[in-house]
Amino acid sequence: MNAFARQIQERSGQNLSRCYQCKKCSGGCPTARWFEWPNHSVVRMIQRGLKDELLGSRAIWMCITCETCGARCPNGIYLSPIMDALRALAVEEGRPAAEPAVLAFHKAFVASAKRFGRVHEATMLAAFMLKSRLFLQSGFLGEAAGGLKLLARGKIPFRPSSVKGKAQIDRIFAESDLKL
Amino acid sequence: MKFSYYPGCTAHSTGWEFNASTEGVFAALGYDLDEIPDWNCCGGASAHNLDHFVGLGLPARNLAIAQDAGRDLIVPCAGCYNNVKKAQVVLERGGGDADRLARVLAFEWRGAVDVLSLVDWLERPGVLDAVRERVKRPLTGLKVVAYYGCQLVRPPRVTGRPSWENPTTLEAACEAVGATALDWSFKTDCCGADLAFGHGDRAEVLCSRLAGSARRAGADAIVVSCGLCHANLEMRQGGLGVPVVYITELLGEALQVPGRDKWWEKHIIDPSGLFR
Amino acid sequence: MAEATHTQRVLVIGGGIAGITAAVDLADAGHEVVMVERLPSVGGRMLQLSETFPTLDCAQCTLTPRTVETGQHPNIKLYPYAEVVGLAGEPGAFRVRIRKKASYVDWSRCTGCGACQERCPQKVKTNPFERGVGIKKAIYTLSPQAVPNKPVIDADNCRYLTRGKCRVCAKVCPVDAIDYEMADTFVEEDVAAVIAATGFELYPMAALGEYGYGTVPDVIDGLAMERMLSASGPTAGQVLRPSDGRVPRSVAFIQCVGSRDPENHKPYCSRICCMYSAKHARLYKHKVHDGLATLFYMDLRSTGKGYEEFLQQSTEEEGLVYVRGRVSRIFREGDKVVLWGTDTLSGQPVEMAVDLVVLATAVTPNPEQAELARVLGIPADPNGFFQEAHYKTGSIETGRDGVFVAGCAQGPRDIADTVAHASAAASKVQVFLSRLRREAA
Amino acid sequence: MNRIGVFLCWCGSNIAGTVDVHRVIEEVRKLPEVAHAENYMYMCSDPGQDLVKAAIRDKNLTNLVVASCSPRMHENTFRKAAASVGLNPYLVEIANVREQCSWVHQQQKDVATRKAYNIIKATIEKVKRNAALEAIRVPVTKRALVVGAGIAGITAALDLADAGFETVVVEREAEIGGKLRRISRTFPYHEPADAILAPRAEALRDHPNVTLYTSSEVTAVGGYVGNFDVEVATDPGDGGPPETRTEKVGAIVVSTGYDLYPVENLGEYGGGRLPDVIDGLAFEGLLADSFRNGEPVRRPSDGRPVRDVVFIQCSGSRDPENHKPYCSRICCLYTNKQARLLRDRNPGCRAWVSFMDVRTDCKNTEEYCQQNIEERGIVYVRGRVSRVWQEGDRLRLWTADTLTGEKIELDADLVVLATAVVPAAGYAEVSSLLRAGVDANGFFQESHIKLRPVESSTRGVYLAGAGQYPKDITDTVAQAQATASKIQSLFANEELAQDPLVCRVDPDLCSACGICVPICPYGAREVDALAGFSRVNEALCEGCGACVAACPNKACQLKNDSMVQVVGEIEVFAAEEGEEDYTCAC
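Chains as they are written, first to last, in the working numbering: chain C, 1 to 180; chain R, 181 to 456; chain Y, 457 to 897; chain Z, 898 to 1483.
Just so you know, the hints here were simulated from the structure itself, not pulled from any lab data.
These figures come from a predicted structure and were not determined experimentally.
Backbone N, C-alpha and C define an ideal beta-carbon position, used for all residues, glycine too.
Warning: the hint list may mix true and false statements.
[What the hints assert, rightly or not] Within a straight-line C-alpha distance of at most 27 Å, the following computed BS3-like cross-link-like pairs (lysine-lysine) qualify:
1) Y/LYS741 / Z/LYS1006
2) C/LYS166 / C/LYS114
3) Z/LYS950 / Y/LYS533
4) Z/LYS950 / Z/LYS927
5) C/LYS164 / R/LYS182
6) Y/LYS533 / Y/LYS557
7) Y/LYS792 / Y/LYS743
8) Y/LYS533 / Z/LYS977
9) Z/LYS1025 / Z/LYS977
10) Y/LYS579 / Y/LYS557
11) Y/LYS581 / Y/LYS792
12) Y/LYS743 / Z/LYS1006
13) Z/LYS927 / Z/LYS956
14) R/LYS446 / R/LYS316
15) Y/LYS556 / Y/LYS621
[Unchecked claim] Quick look at which bits of chain Z chain R covers, simulated, 3 or more residues with Cβ under 8 Å:
16) 1165-1177
17) 1282-1290
Full structure from sequences and hints, please.
Shown next, in the form of structure tokens:
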């Protein structure tokens, strides 16, 4: 087994060598249509050590952890922790994300949790919009319209609330190498 | 009977009516919900993507608080439930991650409390009987489909659900208040809520298929138990106009919990017509 | 009808595990059995094997109690180193003609001391039993545990018989058992029924052009690998390249070689290759821990009890690498063997240089089987296997009354299925004999 | 004074490669009472056995120790060899210096050599006190019982009956024929199953040597090989209590067959919820209807002729995580046939097969399958279907396309799940009644996977058909005939010789407390109240020693394995090896 596969296997806790390529994972995946390669190929590519391809792929950001593939896998391989491991590794190594908007959202969300202890949607969304430069894209108006609808219904408060035990939150983040 | 309660960050924002209806229904049934003190964000659908430990540490802190409170923890939002439950499983299994959590959060997991979704809660003995007893206005004639999505049922090794492909608890709850729960084929398919930011069009591909299928099955509404699913289904169903209501709202209507008008106001697709 | 004493005798052709099983069943049931084996001792293919899937038990260890039992059984009359050349008479009263091949050793004197083999100066690389991976002497026994344990002289390679000089064996034999003048002899036996259990051969590598026509020294077949892995084999269980005797750091195993290839070779599935290839790769990994074992396959066919689990364990715990796709070409490049193929799961081409290639060549009938079918008056199928009378319920019967078949001579099967098939043949023979008795009464 | 002979086998390099066989023999020769000691390359070979026989004769040996492989291999070989020259075979003991010594100490030659010597010395200590025993002779009832009358049971019973033995057949259903009754036509020649079954069923019913009990079950089994008492309960069919009778038989065939894994367990395919998602046997029923009525195959929900059918193989098989880990062996074969027959019955119909590996490994089935794919246009897609759901009056599936790997959606009228083959309901009861063990999946366990495929763990009980493991009709028939052969060999004897290494009770020590009775797994113990002690039924006793351990009075002893012998062995071993190293040596 190559070093990359070993690393992913250790981080994800999944035994990749159990895979016999039945493709049941790919068949049931709701988002595989937006991957470069379907789920079973991702496993195969890890086995073959294709690190650069995977860490720079859309697939790792288009997997949304619905756990359908893992639950149906005849060999009990869960792809979501594998994808988690790939994503975390990509972030750790500072690789440019093939889906920058998705990474920007996750970063904005976690930054908000880190800052306040709870996520404050208004500031988080603002940060996300800026970071992702989504407002420059054609789809933005639709997104903004959705946000406006929520605002109009009084659903997004303007003032963030914060937790008192921030020291513990800080310790959690200090334990990791996550850079936001 | 008392439960600890983890409302989650959306309780005071996008999931306001979920929180309000949950509290209302529990009260109407004679259950106390004690919000655990100083809870924090569970990490949402983001933390685990960026860092393994942060993804576990955030929900684990809430578990530590719940353990001190000493009662089983109700987590209505499916996404929050899944994160907290995963942390519970990691702590119970023991090993490197569990040791690290105990060290960083300076606590010892004793396994004294359990994490419950609303589905878990509805399966507790006596809950549906209590609902049936207290129905004030049966929802006779209302046809719904129940939607579980991903996080309430998967992964089965976290949720412990034997029948994750075809759960029937929410249906039983709908039937308990006199509604008709229709069989349909998408109750555990993903709505794509996590695609909403950045790829709303893609989320809409998934959502509109769900809503379309619900409509074809003859449903007047989709019943959910997750703030993210709810928002996504309402906003991205491709203009079909199928109302999406929380299971607690449905129960609350039948139990005639006060303040319901405020719930309906929060919806993008107004469901109040269902109950006239 | 022949005399009653004859009606209970049965001829078993072939002393492999099928023949042994049928013979012992019949002998235990009180019937006299005449067993004819073309090699000097009984045991058949199992005698060549290393360990058996899926338990990885030593093949000799499970086999020798059976060969010993066959040799000792008072109801079994053994004709080793012999062939059936004629069958006359009718069902219930056959007369079989047996050619006892000249062994050049008087077995009635020989004590099996082994001095002749030890001292014989002529090493033979072509003895088919060792499949080219080891040598035998020109006077040899198949194995130290052979039953019977008596040597024969390989007339094609014996220095004295070919060049008229040597006689070392005759000089060292303490009991004067060597007889260079010995010729084939013929005997006849009366039997009521016949079981043909003549086993299988592997498809010749010489027929595989794209894999080098069998001329690349480090491309071997499955039975050669068995000999190499066998603890009692020529390398004492070590895996060594035939070309230079080095331990191979990487081995490729190729399945479906000549099987499932209706256009060029054999159309059928050989049924045992998926399992023995996985076994080979695992045993190789047990001996060369850091070795790389890659298996090329079409479909994995692990259909027996415990087989699927064995394969899963092979990939999960033993680190075998499976590639789905046929290898297109094999050739020699320096001291390596190069393979060109495709990983059909990823659609990408694969080029590999390895130290050793093991071909799981198709299971075929023995070359002599066609002639035997003619002698016995029974049909062969288009692939040369004996044709069963009925696909579902008559895989033992041949269409000729009193003549039955068992084991791989009827079609490829593993040991467990062969043993069951052979016992089934013993039952069909007894039903037949019972009918004869009733008709005689 | 004993004259003990010791024979150490090299087993080629298996033993001699690790153990210094010459040194061991040198040392053994010095031991008291050892009259002869030698080693040889393969003691089990003809020349090796000749050495043993010659030494017994020439040196008047009284007891033998053969140091070699496990006694499971060659104990019998050497006992026979000894008996052939007049030495009582129970004076021969095997010292296992291969599995228990050389194989486990391959890197420690000194340790292995010392341990081999000590194992031999301990075995000498034991064999000194062995008694010359005679085999226990029990009569044989030459009647057989067959449990389950599918094609396996029918075949076994017909062979036995044709060979002249009375055979009792017990079938749970009202009709015999088992699963074959539900099959339309068989692969690869499309022979109607009834053409196979009907003549055999009729032959069985009419056979003078066969007693057939349908609607019946085995409810109790007593006795032992050659002498079983089997209670059979028959449902009279009128709601009354079952009629029971006891049959005396000498051997039993277990041919209880299989069931299919319930479709309800496959939630992702809507099994049990969607009427047009059915299993393979249900599809056989649809095919049978089609042949009978001369009409196309119609689907269950609305009776419409089907136009698009998807067959899903490995439904519950090869799925260690969620269902069954094993391959069900027959599904690839019958699915291909079903798709082919469907194309014949419903011209223009589409037939898709979702597969993992095509396992057409039986004779002529590879050719048959290829022909169906090439000439009948059956589409094979490699990959597991992930999901099946209802969409209007059609079914829809998600799977991955075999070439591109991309996800595709398929529409179908009917989905046929080739569900895993599992042991027939009630296997556990049959297993415990007959003391015939089952494996982790519930299939009856053969006593050796290669060389004893039809023998169960209990002598006189044989296994045929899919109850032992999934198999096709051809292999089932062969296996059934094999059980018939084993039983005919058994019935060739007037008496059976049983191993005399059984329990012996000292009546003076026994207090008739009865602790041994429930502890005996073989039902061999009984308190004789009149005589005042607990007796051993020697024919039933397997010599397991459970009662020896349980007896508070030390009244139970195993023959040739007495307490004195066992303790003697341990003491010798411990004295040589030191207790710390080998506390678990016994």
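Enumerated hints in conflict with the structure, sorted upward:
Violated hints: none at all, because every hint is consistent with the structure.
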